[in-house]
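Q: Full structure from sequences and hints, please.
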Amino acid sequence: MAAVDHAAHPPVANQSSRVDARTLGMFLFIASEIMLFGSFFTIYFFVRVSAGTPWPTPPYQLPVFVAGMNTIILVTSSFTMHWALQSIKRGNRSGLKAGLVLTFLLGLTFLLTQVLEYSRIGFAPYTDAFGSVFFGLTGLHGAHVFVGLTLLAFAAIRAFRGHYTEEEHHGVEIPGIYWHFVDVMWIVVYTTVYIL
Amino acid sequence: MNNPLRSEGDAFRFLLGTVVYFALIAIAGVINAWAGLVVFIVLSVGVVWWWWRSREPEAPVQASPVRSGPEGERRILVVANETVGGEPLLDQIKQLASQGNTRVLVVTPALNTPLRHLASDEDSARAQAQERLDRSLAELDRNGVQASGEVGDGDPLQAIEDALRTFGADEIVISTHPEGRSNWLERGVVSSARERYAVPIHHVVVDLGDRPS
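As given, the protein sequences belong to chains A and B, one line each in that order.
Each residue of the first sequence is one higher than the last, beginning at 6 in this note's numbering.
Each residue of the second sequence is one higher than the last, beginning at -10 in this note's numbering.
Hints in this document: simulated from the structure, not taken from any laboratory.
Mixed in with the good hints there might be a few duds.
Unchecked claim - Distance windows between CB atoms, simulated:
| hint | chain 1 | residue 1 | chain 2 | residue 2 | range |
| --- | --- | --- | --- | --- | --- |
| 1 | A | Leu201 | B | Leu107 | 37 to 45 Å |
| 2 | A | Ile39 | B | Leu104 | 27 to 35 Å |
| 3 | B | Gln147 | A | Thr58 | 31 to 39 Å |
| 4 | A | Ile48 | B | Val55 | 50 to 58 Å |
| 5 | B | Val55 | A | Gly167 | 30 to 38 Å |
| 6 | A | Glu173 | B | Trp39 | 16 to 24 Å |
| 7 | A | Val54 | B | Arg170 | 52 to 60 Å |
| 8 | A | Val54 | B | Trp39 | 51 to 59 Å |
Claimed, not checked - Which stretches of chain B does chain A cover? Using the computed rule of at least three CB atoms under 8 Å from a CB of chain A, they are:
| hint | region |
| --- | --- |
| 9 | 18 to 29 |
| 10 | 36 to 44 |
| 11 | 96 to 108 |
Just so it is clear, CB atoms sit at the ideal spot from N, CA and C, and this is done for glycine as well.
A: This is how it looks when you write it as structure tokens:
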């Protein structure tokens, strides 16, 4: 058998997925994050359902209303994030900057409100299993909000420095995907921990 | 697998769906715990049903292989498992190879059983494919066609894809058994290859039962 005479140059990199590799990377990262949250929700399930721990443990009360307001703030920030990306896709740089700054401020408001609530809530992670799970889940989410805010800050700084165009805006799209994920997780956390 | 989330827009719509989904469950759950459970089940089944119904097979993107080799050289990729010995395929290859400066690469997919494939046990499949390839190249050589060859992936479409990455064919010849006996035809290998690759693809049917002994 004759040997195959391969081309002098290396073969072209194969892109089997039609999703941009950077965007796909973020979605895969989010998939791993969902597993992390899943492990925390497993603990929640065992503590609340299997062990039958009262939720919340008397005499404590959860700040349902404030957390509800925080939920509205966070969901609104997803709208501003979406607006920012749609703006740069249409070449509207002012909309991009305004959208990113508003998203950042709304996210920061959410985080500061949560910190304030932590200081007033009356129980601590070491109080009991309920406290551990509450601070574990909301704290894990808060850490993700902090990461999201960092990404948004970089995106906003770059936007003000003239980066991003109608064609090239991955630096906005990828933090946007992450931000929506953070919002989705909060919806799940708020419903399961505060409401149900 | 068709990934439903591909962009920020998809993620944003997913968020809106999540808000509606959990809002309905929470409202029902606050009114009555059992109502919340029922709404949760109904919505979950509805979402799965909607996702299942809305799935559509994704049409492949047709792409031209990257041109390889010196200028003026035609490259013919022949994908055949055990049918190179058949007259129709030999005639087709001879005809294509007779047109000036032509280079022929024969790829023989290492066909394997699903169980062995799952267990990554490919050694015997590749050894058998190598034997078939050697016989095929010898047959071509006897007929005056100089060809090179390689053993390819067990999936003929993947074998074509791999060969195109390094060989870059101008034309592809796929040889199969006749309709009804061809596993490749049943799986739509030829039609799928035509959908994927923007090069002429010749399908040659070889009935080894008609081969003179």
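Q: A separate judgement is required for each hint: does it hold in the structure or not?
A: So, going through the hints one by one against the coordinates:
Between A:Leu201 and B:Leu107, the C-beta spacing of about 42 Å keeps the proposed range 37 to 45 Å intact. Remark: the range hint 27 to 35 Å for A:Ile39 to B:Leu104 is upheld by a beta-carbon distance near 32 Å. For the hinted restraint 31 to 39 Å between B:Gln147 and A:Thr58, the CB-CB distance of approximately 52 Å leaves it violated. As the Cβ distance of A:Ile48 to B:Val55 is approximately 52 Å, the hint placing it in 50 to 58 Å holds.
A hinted range of 30 to 38 Å holds for the C-beta pair B:Val55 and A:Gly167, which are about 36 Å apart. Evaluation of the 16 to 24 Å hint for A:Glu173 and B:Trp39 yields a failure: the beta carbon distance comes to about 34 Å. The given range of 52 to 60 Å is respected by A:Val54 and B:Arg170, whose C-beta atoms sit roughly 57 Å from each other. Distance hint check: the CB atoms of A:Val54 and B:Trp39 are about 28 Å apart, inconsistent with the given range 51 to 59 Å.
For the region 18 to 29 of chain B, the stated coverage by chain A holds: 3 residues have a C-beta nearer than 8 Å to a C-beta of that chain, and at least 3 were required. Evaluation of the coverage hint for the region 36 to 44 of chain B: breached, as 0 residues show C-beta separations to chain A shorter than 8 Å, against a requirement of three. Closer than 8 Å: that is the beta-carbon criterion, and the region 96 to 108 of chain B has 0 residues meeting it against chain A, so the requirement of 3 is violated.
Checked against the numbered hints given earlier, this structure breaks hints 3, 6, 8, 10, 11; the rest are met.
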